[in-house]
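Participant: All chains should be modelled from the sequences, with the hints used to inform the complete structure.
Listed below are the residues making up each chain.
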Amino acid sequence: MNLELLKELNLNQEDYKKIVSRLKREPELVELGLFSAMWSEHCSYRSSSKYLKQLFTEGECVIQGPGENAGVIRVEGDTYLTFKVESHNHPSAVEPFQGAATGVGGIIRDIFTMGARPIAGMDALHFDYPSSSKSKYLLNGVVEGISFYGNCVGVPTIGGETHFSECYGENPLVNAMAIGVLNKKDLRKSIAKTPGAKVIYLGAKTGRDGLHGASFASGVLDEEAKKRKGSVQVGDPFLEKLLIEATLQIIKEDLVEAIQDMGAAGITSSSVEMAGKGKLGIRIDLEKVPLREKNIDPIEIMLSESQERMLLIAKHGKEKRIEEILTKWELDYSEIGEITNTGAIEIYSGNTCHCNMPIINLLDPPLNETKPVRDPSIKITVNDVPDTIPVDQTKSFLLKLLENPSYGSKSWIHDQYDSTLFASTVIEPGIGASCIKLAGTNKQIGITLNSRGLLCAIDPYEGTKTVCAIAARRISALGLAPSAVTNCLNYGDPTQEHTIWEFSESIRGMNDALSVLGAPVVSGNVSFYNEGELTRIFPTPVVGMVGIGDTSFIPNKGFQNTELVCAVIGKTKKEFIRSDSIPHLDITLENNTQIEVRSLIQNKLISSCQSVDRGGIWFALLKSMMVKQIGVHIDFNFDDFYPISFLMSETNSRFLITFEKDNFERIKSSLKTTPLQIIGKTTLDEFSIKNILNIPISKIKQAYDLSFSKYFD
Amino acid sequence: MLTIGVVVFPGSNCDLDALRAVNEVMSCNAVPLWHMDTNIQADAIVLPGGFSYGDYLRPGAIATHSSIMKTVKTFAENGGPVIGICNGFQILTESGLLPGTLLTNNSTRFISKDISLNIVTNRTPFTKLFKPNQQITMPIAHKDGNYQADASTLASLKNNDQIVFTYNNNPNGSVENIAGICNKEGNVLGMMPHPERAISKWTRSTDGTIVFKSLLQFLEAK
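From first to last, the protein sequence lines are chains F and R. If you're matching positions, the first sequence starts at 915 in the numbering used here and goes up one per residue. If you're matching positions, the second sequence starts at 311 in the numbering used here and goes up one per residue.
Be careful, since some hints might not be right.
Partial list, derived from the structure: chain F residues whose beta carbon lies under 10 Å from chain R [what the hints assert, rightly or not]: (1) 1061; (2) 1067; (3) 1069; (4) 1150; (5) 1152; (6) 1326; (7) 1329; (8) 1331; (9) 1332; (10) 1465.
Under the rule of at most 25 Å between Cα atoms (straight-line distance), these lysine-lysine pairs were calculated in the DSS-like manner [as the list claims (entries may be wrong)]: (11) F:1191 with F:1098; (12) F:1518 with R:511; (13) R:423 with F:1615; (14) F:1518 with F:1542; (15) R:423 with F:1624; (16) F:1542 with R:423.
Residues of chain F placed beyond 12 Å of chain R at every Cβ, according to the derived structure [to be verified]: (17) 1047; (18) 1075; (19) 1112; (20) 1212; (21) 1288; (22) 1607; (23) 1621.
Source of the hints: derived by calculation from the structure; they are not laboratory data. Since we're looking at a predicted model, the values are computed, not measured. The C-beta atom is built at its ideal place from N, Cα and C for all residues, glycine as well.
Facilitator: Here you go:
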């Protein structure tokens, strides 16, 4: 066998032997292409499936768990919510604008493919610090790409997260999440049902862009890989908007039995998955596929990842009505084949056969059997633990911290995203979790996208548990109960034992946290090979959590008024992120605290609530102050804490709240499992600590606004 | 019952919000009008925001040549109330129903945020219930909202009381802080801010309701 070709297709010699033994003959070129795509890490989960099977996925609200285009949960009655997060890391590293734009387009297609109208998006971004000119270039392109695509396609981007660390310099992470709402009767799956049913291709013409995208995402990002610029697709949000409207109309009129978007591995994965899930076969005539240019080889057609394409399986007799709808929306379409009862995938160009083999050959790829073993030589060093800053350096420390872009306002990013479309955004980006009111219902939905790569690098089990706890804490700070989770699991090279160890520990941590918090995983994505030539990323599981609540109260962000009591729920300990350990998490205490806090909000006993997590009480105070530029006066006994170590402690299971002092007794008596510590009161125009410092709010605001945006304006 | 038509171009994306605002605030019959339609049976017309035909040439440029815009022109010339919001405003300037033009924001970036506005005149069907100089808040979300016009056009806008909304903190570089203008007759209004996104206590501002209530009162008094 031609080794060069195998390498280009990201297959190894073991894979090839397996292919020959399954086929009992040498594969045709097109067949080999199909194996390359379907057995790629991206499509087959060959390194992760063993661990993903252990995920906590059961829950009362779950309608559709992992395995479909997106997970589905029940909101109330026949109203369902569907959501998923997916990575577009490698394309964004090579071509940030189109890489990010098509990431947004891809995740939105996963949502409307389920029969849902996409109502919101979020993005998790991990980059090197913006002081690096390369990082600045990438970040600028990625944000512009998300803005370009999301705004035009008509899906509000309502939040997300941005983290900086050198480890993401060569391989930034761009994870996009989308959420949609649907009625029970419109839920569609990607399972073919009827032999003889027509297969309809819909949307953009097929070109050479995105060739080998799935295998591109399934290798380390070295110089050679970066030359594969052709692997990055080009997005057309206007075309996707037409696809949304046409597809939703087709589903509403019940004209299709199955539907799948053409994402990674294009026609190959969509046709194999739909026929395979239905234990049926499929026959495709490549001469019927709309092409952008002449002389595209059959293997290129099968592997193209041109964007904005869908594959529908029509219900018998409904083909004409489908055509009418597609004509109304001026979309290209073509009947390219039909479902068969042979169990085979048959690919022809007219009468020439390129492939005829049982689909089952393509399923169950050979698994990556790398053992999970920790490599003790991989160490994380944390400098600058803020546990010994003397009192007289309190002010200078905080002023310095205000210049750190990690803790600065990200409005430069989210002001470029249309966040108010659909007139439902209750809590906008920038506060940790966002909230939308679900039109036509008495429900509101809290959504957050969270990660802490550093914590997971130090301890992937405890770190991942903490990420889940923080996501839930942020949802609870809206007064909403966590319902379900989608995850994007970003790791390094899965042929390394240490990577598999990190991955398996993360899965274990996720299970132990989510099973207590009552939020099952309903969808997700794994992204391996996030390594450059010099650096590997922190293991970075990104958790997208959704919480549902009724509309008897409106959650607030930030300090609402002066003269309110400011207090911390939960005991603050001298806990910091250190090279060898992270703050302890008692997940049961965490859950009980969250339940009590939600009830305080639902009973309207408190004025504002903020999760205390990254950056401790200080960052919670900062975010709360900046919303309406209301200050706070800290006045309490720090005991044996330095002020900075109290403000920067990252002890888990804490919230920062404000309330009218008349409510003190009721709040105190409602908190059964955790202490309430009053630390001060809100004030008009400065942040002050009694006898130690005062800084005008205007000065804080200026530093907060500039610390990140100064790199761009 | 009064009927309000909301024009849907391929690529419109604020059409659902406009239909909902008409339903909820005005309790009127809200009907989507397809871009290929040539017959309008409505008492007022909304040109909603979005990216009509992808706005790939220039915002609003392609929509100007759609079948329905010929009909909207006739409707407006006969005195029918027409409001263009965001992309709708861009379509109104491109088609000559309103003077001037909307260029790319001076930051060259898309801007999405709540913004404070000043009411300059309440003489239009859409602003009757505001008070002159009233300060209101609505979201903006656009990349091409930088209103520009030549000196004589600006003079005539002022002389004819055609400047309707101005920004208190100019976000995009618009001349004279202009956020919205009307035609001489006052029946055609274009504005960059989104009143249809400021109609409920859930979205921080309810000032947008006044636009729709004004129109309702105007139509009922006719």
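Participant: Now look at each hint and say whether the structure bears it out.
Facilitator: Structure-based check of each hint:
no.	hint	result
1	1061	holds (5 Å)
2	1067	holds (8 Å)
3	1069	holds (8 Å)
4	1150	holds (7 Å)
5	1152	holds (3 Å)
6	1326	holds (9 Å)
7	1329	holds (6 Å)
8	1331	holds (6 Å)
9	1332	holds (4 Å)
10	1465	holds (8 Å)
11	F:1191 with F:1098	holds (21 Å)
12	F:1518 with R:511	holds (16 Å)
13	R:423 with F:1615	holds (17 Å)
14	F:1518 with F:1542	holds (20 Å)
15	R:423 with F:1624	holds (19 Å)
16	F:1542 with R:423	holds (14 Å)
17	1047	holds (19 Å)
18	1075	holds (18 Å)
19	1112	holds (26 Å)
20	1212	holds (31 Å)
21	1288	holds (45 Å)
22	1607	holds (31 Å)
23	1621	holds (19 Å)
Figure legend: structure checked against the earlier numbered hints; every hint is met.
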